[in-house]
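What follows is the residue order along each chain.
Number of protein chains: 2
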Amino acid sequence: MSYTIWITGLPCAGKTTLGKRLKYELIKKGHSVVHLDGDDIRKGLNSDLGFSSEDRKENLRRISHIAELLNKNGNLVIASFVSPTNELRNMISGIIQNIKLVYARCSLDECEKRDVKGMYKKARNKEIEDFTGIDAPFEEPDTSILIDTEKKDVDYCINELILNLDKELI
Amino acid sequence: MSYTIWITGLPCAGKTTLGKRLKYELIKKGHSVVHLDGDDIRKGLNSDLGFSSEDRKENLRRISHIAELLNKNGNLVIASFVSPTNELRNMISGIIQNIKLVYARCSLDECEKRDVKGMYKKARNKEIEDFTGIDAPFEEPDTSILIDTEKKDVDYCINELILNLDKELI
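Residue numbers (the numbering used here), protein chains in the order written: chain R, 144 to 313; chain Z, 144 to 313.
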């Protein structure tokens with residue numbers, strides 16, 4: 144059965160890193176896997192969208208339909224997106240029939256320390272607006288597979304994540 | 144090498160039929176194939192778009208980015224879309240790095256006779272507007288693999304199409 148593993152979390156929580164490594168592990172096991180990732184999608188498909196609340200919703204609506212389409216075509220999908228609110232997560236789950244929500248949990252302090260692309264700094268300096276965690280909300284998800292990307296290293300996180308996936312994948 | 148086989152042609156020329164059969168043949172040969180088709184995409188991803196010239200362009204822009212993303216992920220893509228003008232086809236080829244354009248050639252008379260979903264009739268009765276072939280333009284593509292879906296049956300067309308694909312696929 145094909146499904147989507149949707150990784151939500153703050154910017155710099157490690158969603159892309161988890162997604163890339165998980166893809167690698169699942170391909171090794173013979174699965175056909177597509178990794179949908181924020182930066183790639185916003186450069187191409189969704190280059191017409193910004194970060195307003197409306198545009199974020201449209202961004203995730205489109206991505207969800209792509210994931211569902213890929214699932215129907217027999218691909219496993221890994222999606223790494225902030226997807227910051229339960230309302231948005233509910234919309235996503237309404238579009239994708241088979242979905243597992245994974246929460247890459249990392250505190251705001253630690254994410255801000257990592258600040259891989261200097262975006263937190265820009266948000267603090269008000270050079271950019273609507274940045275999740277700073278001046279746009281992030282709600283912890285209600286129910287999901289929780290992966291502690293703050294205190295555990297990548298290998299540990301990936302092992303834990305794989306243990307939470309369906310047995311036929313492993 | 145992954146690429147996109149993009150099938151252009153009038154409504155009812157047989158683009159979806161060719162796409163479905165080609166997908167079946169390529170999967171039998173062990174390829175990972177995704178078929179992107181007008182109706183599926185417009186029900187989900189692009190349900191916000193209509194048939195104005197601007198919306199058609201945005202529809203095909205999004206689909207092209209999805210195809211490119213899938214190619215990069217190692218999937219062969221078959222895309223069945225009217226894509227009626229050379230300007231639109233140029234945009235598509237500008238987004239998808241490896242693309243083969245296939246022209247499902249069938250006369251307007253024959254397409255109108257088939258009228259699978261009664262859309263030509265609606266267009267003639269002016270119940271719908273901007274219908275390709277009736278009150279929206281269709282330009283014959285300049286260079287492409289030409290498949291005569293008017294005079295040849297599906298088996299013949301598929302064989303001819305496969306002969307035109309790269310040898311490593313066959």
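In case anyone wonders, no lab produced these hints; they're calculated from the structure.
There's no promise every hint is true.
Since the list gives no way to pick one copy over another, a pair counts as held whenever it fits inside one copy or between any two copies.
What the hints assert, rightly or not - In silico BS3-like cross-links for lysine-lysine, where the CA-CA straight-line distance does not exceed 27 Å:
hint	residue 1	residue 2
1	Lys243	Lys264
2	Lys265	Lys243
3	Lys295	Lys163
4	Lys200	Lys295
5	Lys256	Lys172
6	Lys215	Lys172
7	Lys215	Lys260
8	Lys215	Lys163
9	Lys265	Lys172
10	Lys200	Lys310
Model, not experiment: these values are computed from the prediction.
Find the hints from earlier in the document that the structure breaks and name them by number, from lowest to highest. 1, 2, 4, 5, 9 and 10
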